[in-house]
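A.B. asks: Sequence:
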Amino acid sequence: MAEKYERLIQWLRDAHAMEMQAETMLKAQASRLENYPDLRSRIEQHVTETQRQAQLLQECITRLGADTSSMKDAAGKITAMMQGLGGAFAGDEVVKGAMAGYTFEHFEISAYAALVAAAEAVGDHQTASACQTIMKEEQAMADWLRDNLPATTRRYLEREAAGQEAKR
Numbered sequence: 001m002a003e004k005y006e007r008l009i010q011w012l013r014d015a016h017a018m019e020m021q022a023e024t025m026l027k028a029q030a031s032r033l034e035n036y037p038d039l040r041s042r043i044e045q046h047v048t049e050t051q052r053q054a055q056l057l058q059e060c061i062t063r064l065g066a067d068t069s070s071m072k073d074a075a076g077k078i079t080a081m082m083q084g085l086g087g088a089f090a091g092d093e094v095v096k097g098a099m100a101g102y103t104f105e106h107f108e109i110s111a112y113a114a115l116v117a118a119a120e121a122v123g124d125h126q127t128a129s130a131c132q133t134i135m136k137e138e139q140a141m142a143d144w145l146r147d148n149l150p151a152t153t154r155r156y157l158e159r160e161a162a163g164q165e166a167k168r
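Residue numbers (the working numbering): 1 to 168.
No lab work stands behind these hints, which were simulated from the structure alone.
Among the hints, erroneous ones may be present.
Stated by the list, open to error - With a straight-line Cα cutoff of 20 Å, these simulated EDC-like cross-link-like pairs (lysine to aspartate or glutamate) come out:
hint: 1; residue 1: K167; residue 2: D92
hint: 2; residue 1: K27; residue 2: E49
hint: 3; residue 1: K96; residue 2: E34
hint: 4; residue 1: K4; residue 2: D14
hint: 5; residue 1: K27; residue 2: E160
hint: 6; residue 1: K96; residue 2: D38
hint: 7; residue 1: K167; residue 2: E34
hint: 8; residue 1: K96; residue 2: D147
hint: 9; residue 1: K136; residue 2: D14
hint: 10; residue 1: K136; residue 2: E34
hint: 11; residue 1: K27; residue 2: D92
hint: 12; residue 1: K96; residue 2: E3
hint: 13; residue 1: K96; residue 2: D143
hint: 14; residue 1: K136; residue 2: E59
hint: 15; residue 1: K27; residue 2: D38
hint: 16; residue 1: K167; residue 2: D38
hint: 17; residue 1: K4; residue 2: E120
hint: 18; residue 1: K96; residue 2: E44
Please work from the sequences and hints to get the whole structure.
C.D. replies: Structure, rendered in structure tokens:
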């Protein structure tokens, strides 16, 4: 493994672990959404995108002669499970979950911007292209969450005011 690729590989491993964490969080969130079908559907779509993103990252890492970090992947999944448990106890879980998702998407966008720059710096155009593709999907999810947060919030408040289950 050439020295110039070491940092890129490390960051690709971090991104892979991040996607494993995201998949776990998204699945947990979607499984609890009963009264917000649009949000649930978009999250389920993003789970599929996230799985494909993890595969793309795996392919980049393998092409560079390395493998993913099982320890980082496991740590990400454990963190996601703990976050999911914490959210399950919030009375306004759906609104806070959408807000947290919006924030997490922007963290991912910044990670992929750095990965694109790192891949370009070492001349790895395949990895740069893969990361640009992923970054666009993360931006689309962030945009969807931003655009739909007001309606989700209003629906939550309406359900709560009517004495209906609003949390999920």
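A.B. asks: Confirm or reject each hint.
C.D. replies: Going down the list of hints, with the structure as the test:
1. For a cut-off of 20 Å, the pair hint linking K167 to D92 stands: about 5 Å separates their Cα positions.
2. For the hint linking K27 to E49, the alpha-carbon distance of about 12 Å falls within 20 Å, and the restraint holds.
3. Between K96 and E34 the CA atoms are separated by roughly 16 Å; this keeps the pair inside 20 Å, and the hint holds.
4. Simply put, K4 and D14 have alpha-carbon atoms about 17 Å apart, close enough for the 20 Å limit, and the pair holds.
5. Annotation: proposed proximity of K27 to E160 is violated, straight-line Cα distance about 24 Å (limit 20 Å).
6. The straight-line distance between the Cα atoms of K96 and D38 is roughly 16 Å, inside the 20 Å bound, and the hint therefore holds.
7. A C-alpha spacing of about 9 Å is found between K167 and E34, which places the hinted pair at or below 20 Å, so the restraint holds.
8. A distance of roughly 15 Å separates the Cα atoms of K96 and D147; the hinted pair therefore holds under the 20 Å criterion.
9. Of the supplied pair hints, the one linking K136 and D14 holds, its CA atoms being roughly 18 Å apart against a limit of 20 Å.
10. For the hint linking K136 to E34, the alpha-carbon distance of about 28 Å lies beyond 20 Å, and the restraint is violated.
11. At roughly 18 Å between alpha-carbon atoms, K27 and D92 fall within 20 Å of each other, so this suggested pair holds.
12. Proximity of K96 to E3 is assessed by CA-CA distance (about 42 Å); at most 20 Å being required, the pair is judged violated.
13. As the CA atoms of K96 and D143 are separated by approximately 17 Å, the hinted pair is consistent with the 20 Å bound.
14. Restraint check for K136 and E59: satisfied, since their Cα atoms lie roughly 18 Å apart, inside the 20 Å limit.
15. Taken as a hint, the K27 and D38 pair is honoured in the structure, with Cα atoms around 15 Å apart against an allowance of 20 Å.
16. Annotation: proposed proximity of K167 to D38 holds, straight-line Cα distance about 15 Å (limit 20 Å).
17. For the suggested pair K4 and E120, the alpha carbons sit about 12 Å apart, so the restraint of at most 20 Å is met.
18. The straight-line distance between the Cα atoms of K96 and E44 is roughly 18 Å, inside the 20 Å bound, and the hint therefore holds.
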